[in-house]
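Enquirer: Each chain, written out:
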Amino acid sequence: MGKKNSIIDNKSATDFLNCTCLAFTMQVVVATIVMFTSSATVSAEQSKLSSIYETPGYLSKSTLLQFLIVSLLTALFRHIFFSGKIVKVPSIALRVTLMFTCEIAMLAVVIWTCGWFHSVSVAGWAGFVCGALPCLIAGIYLAFKSECKENEEMNAALKKKQEEEKQP
Amino acid sequence: MKISININPDNPETEISVTCPQLTPEVEKLISMIRVMDSKLTVKKDGEVFLLDIGEILYLETMERKCFVYTDKAVYETDAKMYELEQQLAASGFFRVSKSTLLQLKHIKSLRADINHRIRITMQNGEQLIASRMYADDLRERLGLR
Chain A
18 MGKKNSIIDN
28 KSATDFLNCT
38 CLAFTMQVVV
48 ATIVMFTSSA
58 TVSAEQSKLS
68 SIYETPGYLS
78 KSTLLQFLIV
88 SLLTALFRHI
98 FFSGKIVKVP
108 SIALRVTLMF
118 TCEIAMLAVV
128 IWTCGWFHSV
138 SVAGWAGFVC
148 GALPCLIAGI
158 YLAFKSECKE
168 NEEMNAALKK
178 KQEEEKQP
Chain B
179 MKISININPD
189 NPETEISVTC
199 PQLTPEVEKL
209 ISMIRVMDSK
219 LTVKKDGEVF
229 LLDIGEILYL
239 ETMERKCFVY
249 TDKAVYETDA
259 KMYELEQQLA
269 ASGFFRVSKS
279 TLLQLKHIKS
289 LRADINHRIR
299 ITMQNGEQLI
309 ASRMYADDLR
319 ERLGLR
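Just so you know, the sequences run in chain order A and B. Each residue of the first sequence is one higher than the last, beginning at 18 in my numbering. Each residue of the second sequence is one higher than the last, beginning at 179 in my numbering.
Honestly, the hints are just simulated from the structure, not real lab data. Where a beta carbon is used, it is the ideal one built from N, C-alpha and C, also for glycine. Where hints are given, some of them may not hold.
[To be verified] Incomplete in silico selection of chain B near chain A, CB under 10 angstroms:
no., residue
1, K259
2, K284
3, N294
[Said to hold, decoys possible] Calculated pairs, EDC-like style, for lysine to aspartate or glutamate (alpha carbon to alpha carbon, straight line, at most 16 angstroms):
no., chain 1, residue 1, chain 2, residue 2
4, B, K284, A, E180
5, B, K259, B, E242
6, B, K284, A, E181
7, B, K287, A, E170
Generate the whole structure from the sequences, applying the supplied hints.
Expert: Spelled out as structure tokens, the structure:
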């Protein structure tokens, strides 16, 4: 009677690749916008994200590699929490919470080790927290609300259908 | 195969009799189909053959090319193929929730949204089944949510 739990769809490699590409593209776009909206000299002083071939104002190869690693880790977290193979918590909201928390922690480690901004920069970390925290809270809230709403709708429709079928 | 139909107004109910030289798989299949129309499914358990009331079946599942029939109390096996059962049992309210599972709507206790647009189905006996992404949309449509 316990065979039913084995019926879980395989998450394809294409999904993993798509997630990686999407995360990578978003990081490059955001970082490039930041570079172009701040002056090259200032950005070079404040972060190691600038400088390709030692030219301030552009993303370096090593930075792009760091973005790629972050993208792969992001896709990996998504796979861990959303494939249903590793983490088997039934609640979507809880999965979203765990995934976002892990991703934010991973980003903090990457920022610290790769020096995306100076590790002693209070303004930098304050900006990071101010950016990450609303995303985390909003993500959890939306996931929780949409899960509750969908469950309620489905169960109401199920009861209605079952009542309809009972009637001759 | 010869088919003869005798219409007799004096008969209180419809009667089907099968006359054959021997019980071949084809004849068994024919009998099985007739029994489905009579809301019965021929199943096996430990070498014994049972006639199961279709209303008792919670769900059917294929596993390693075998088709298992799950009721509240026991698990049986049937020789019928899943696609045949899907056609035969559609009128009784059975539908697919994944490539390998057919279930009856009236025995669902609750539904819960799962990751990747799948649906986690809790049956009345507490067992949980997963409606895969493709079939979850069909289930939503069946429930009038699309």
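Enquirer: Could you run down the list of hints and mark each one as holding or not?
Expert: Status of each hint after checking the structure:
| no. | hint | result |
| --- | --- | --- |
| 1 | K259 | 18 angstroms, violated |
| 2 | K284 | 6 angstroms, holds |
| 3 | N294 | 7 angstroms, holds |
| 4 | K284(B) x E180(A) | 9 angstroms, holds |
| 5 | K259(B) x E242(B) | 12 angstroms, holds |
| 6 | K284(B) x E181(A) | 10 angstroms, holds |
| 7 | K287(B) x E170(A) | 14 angstroms, holds |
The earlier numbered hint that this structure contradicts is number 1, and it is the only one.
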